[in-house]
Structures are given as C-alpha cells and as structure tokens.
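K.L.:
The chain contents come next:
Number of protein chains: 2
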Amino acid sequence: MELKYKGKTKDVYSIGGNQVLLKFKDDVTGENGVFDPGANTVGLSIEGVGKSGLRMTKHFFELLKTKKVPSHYVSADIEDVSMVVKEAIPFGKGLEVICRFRAVGSFYRRYGAYVQVGDHLDSLVELTIKDDERGDPTISKDTLSMLGILTDVEYEALKQLTKTICRYIKEELATKGLELYDIKLEFGRDKATNDIILIDEISGGNMRVYKGDKYIEPLELEKEFFK
Amino acid sequence: MELKYKGKTKDVYSIGGNQVLLKFKDDVTGENGVFDPGANTVGLSIEGVGKSGLRMTKHFFELLKTKKVPSHYVSADIEDVSMVVKEAIPFGKGLEVICRFRAVGSFYRRYGAYVQVGDHLDSLVELTIKDDERGDPTISKDTLSMLGILTDVEYEALKQLTKTICRYIKEELATKGLELYDIKLEFGRDKATNDIILIDEISGGNMRVYKGDKYIEPLELEKEFFK
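Chains as they are written, first to last, in UniProt numbering: chain Y, 1 to 227; chain U, 1 to 227.
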C-alpha cells in the first residue's frame, strides 16, 4: 500500500481500482491546544479521536447511502481505523462547503454587526477555498465561475446537495438530543464517473454540535451520539 | 445648514426637500501615509484632493445621467467643493459594491492561488458590508438575503446596474488612454421614491487606474483625465 498523501487528520493510501484507503489519525485541527473545526493547523492530538471520527463517519455515510446521497464511501474498518473510498478529484485546489444553522464562529466574526451569537440561520451555505496560507477565504458563486473552479450549474447543484445532506445530519443528531450549529463538507468529482460526490469525513472534527446550551467537544460527541 | 454626518472623506449637511449637501474634504483613505482606496482609515490629507474628487465625480455623474443611470446626483459647485444630492437610505448599515476588471488588491490577496497579479476579470462584482471594525468583509448573495440586507431580486438588479455603470466609466477612462482595474461604488434607496440609485462619489478615491503599467495616484488621475 503506497502512501499517496499525508493530510492533517488523515493519510491517504493508493489501493488501485479507482479507490483509496483513508487512515484516520488522532490529530485534530485547532489553535493553542483548543479544538476549532475551522482552524488550519493541527492543534492537538487526542488518543482515540481517529477511531471516534471513523465511527461517526461510517454511521453518517451509511445513513446518507440509504437516502441516495452520492458519496465516496465504500466501506469502513473500525479496528484498522481506515475507510475505503472512491477516488475523487477536488474542485480547483480544494473547496470547503459550510452549512450554517446558527450564527457562530467565523460567520459571527464577519457579520456580528447584523447577528447575535447563536441566531438561527436557515441552512445557509458558504464556500471557502482550501488555502492555509491565505486563511481559507470565502468565495462567491461568480468568483468560482470566473476562476474556472465551478460552473454556475455546478454551484447550484452543490448548494442544494449540501442543504439536503446537512438537513439529514441535523435530523439524525436531533434524535439524540443534539443540535447541529454548523458543519463543513467536502465534495469532489468521482474519478471513474465524473459525478459530484460527497468526500472526506463526517464527524465531530468538522461540525459544531450543542446539547442545550453546552458545546460538545468532538470526542464527547461520539460518546453522546452512540450512548 | 445643519451638519448631519461627519464622514472620512466628506461631510453631509441637511438642506431639506429630501436633499443633502456633500462637502468634499482633502482627506483620503490609506494606511501609513500611502493611499489605498480599500483602506478604512484616513491615511493622509492632500491639498486639493476634495476639489479634484468633486470634478471627477461631477463629470461621471453627468455622463451617467446621459446614459439614464439612476443616481443621487442633483448638482455640483466646484468652487464651494460641494455637491447637492438626493437623500438616500443605505442597504443595511451600508454596502460597498466592487467591480473588478483586473486581479489586484484584496482580490489578489484572497485568490492568489488561482490568479496572477493583473489577470483580466470580466467586470466581476463583489459586495462587502461597511464595517471598519470587522475589516469590511465580503458578503454573498445568500447571506445578504438571509440577513435581510438585500433580496435576491435586488442583488441581481444591483449587480447588473454595477456592471453597466462600470463599463461606461471604463470606456470613458479609455478615451484618455487610462485603464480601470477596479472600482468601488455605493448604492442606496432614494428616500423619496425608494428606487435603487447610485450614491457617494466617482473619483480617484474609489478606483484603481493605470496608464500602461503605471499606477495613477488619485490626484494625478484628475490631472491626466482633464488635461
């Protein structure tokens, strides 16, 4: 198995047949030892976070499969802390698609003149380009089109797919008394078919979840969710 | 005449009849003594800059009037360095509408992974909220709608109006051998009719203009333009 790419929270191995193996690690993004799903640097390492993230990811990808959501998910091996996925080609140098149900984090930092912390947002979708050096700037539909990253049609498809997926995830969390505030998804083109598919992971590491007014840390989230 | 509002580069006086008088000042925005149309602080004061800005503004608003572009412009008095305009209500707490023909400034700082400095852009429109404290963040169509600042219909109208206006301004500058790289406009609702109208000024202070590969400073621009 050849190491193809060493990521911040996952390593990617080539296994052939338009598939790759993702090995989940115990690193999470954050700054100064504090977990922050929006951060670009690995802030801390927590034993078991990889396995925890994979359990959540497996659960949600399998749920989304029953909802006919196209994704890269093939199978997951919890003990090996790895997941087999379809190989995908990113949009441009990588996009992050954020879906917001509450005004927190960078959204509140930008639009605090118009919202209070925690105000409800109706599955508001924002896109950012993956660019650590430039702080992952947000990018508009028109700019994505002009820079040749996404066509207008692809943008609208991605936005609608994001809203659909995130509503399923929000509902699923709600069955456990948990509330999704915001979540970051990634999409790519299926290398074999060119279809737009959901990629990456779906876990505490890329969502903000509250129980009542208490923020649930990623590792706690898995415990809460599966208890 | 009652002082209504003291701005960074203009003061606003009430004169009644849904009109106000704008008194242009000799202050320009910038940082560390260097002019930057995108900056939020008054960086320097240059004698004659107010009158220079008003001459440009008068010229362009009168040009746009012949093109049937709706604006706040009523009349200008160059000697008094003042302009009478229709009173307008801003969108939210104020929006800036940027039209880009070349990738420079904050656009390049954000999307430098996808563009080279000076790359052509086809009248790309970006909106930012006026919020000095938060660095005038860009804002998307969906966010403007969700925060109740602009409806989708108003957004599209504003975008098309901006493209039209900026193409006129670009063509006019081109007749003097000058090239418009980017420009910042402001719009509001006419207090008397509620129509969307172009407000503020149109001068070196809110555009980046080059002659060949040489950047033309705002005060120089007026000299080049009227010579």
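Among these hints, one or two may not hold up.
Put simply, identical chains are the same to the list, so a pair is met inside one copy or across any two.
Lysine-lysine pairs mimicking DSBU-like chemistry, simulated, CA-CA at most 30 Å apart [to be verified]:
1) LYS214 / LYS4
2) LYS6 / LYS176
3) LYS6 / LYS130
4) LYS93 / LYS25
5) LYS211 / LYS191
6) LYS163 / LYS176
These are computed hints drawn from the structure, not numbers from a lab.
K.L.:
Could you run down the list of hints and mark each one as holding or not?
P.N.:
Hint by hint, here is what the structure shows:
1. Taking the shortest alpha-carbon separations for LYS214 and LYS4, neither the intra-copy value of 39 Å nor the inter-copy value of 46 Å comes in at or below 30 Å.
2. In this assembly of identical chains, the alpha carbons of LYS6 and LYS176 never lie at most 30 Å apart, being 34 Å within a copy and 54 Å across copies at closest.
3. In the homo-oligomer, the alpha carbons of LYS6 and LYS130 lie at most 30 Å apart inside one protomer (16 Å), although the nearest pairing across protomers, at 41 Å, exceeds that limit.
4. Taking the shortest alpha-carbon separations for LYS93 and LYS25, only the intra-copy value of 22 Å comes in at or below 30 Å, while the best inter-copy value is 45 Å.
5. Proximity of LYS211 to LYS191 under the C-alpha cut-off of 30 Å is found in neither arrangement, the shortest distances being 39 Å within a copy and 46 Å between copies.
6. Taking the shortest alpha-carbon separations for LYS163 and LYS176, only the intra-copy value of 21 Å comes in at or below 30 Å, while the best inter-copy value is 49 Å.
Hint check: violations occur at hints 1, 2 and 5; the rest are consistent with the structure.
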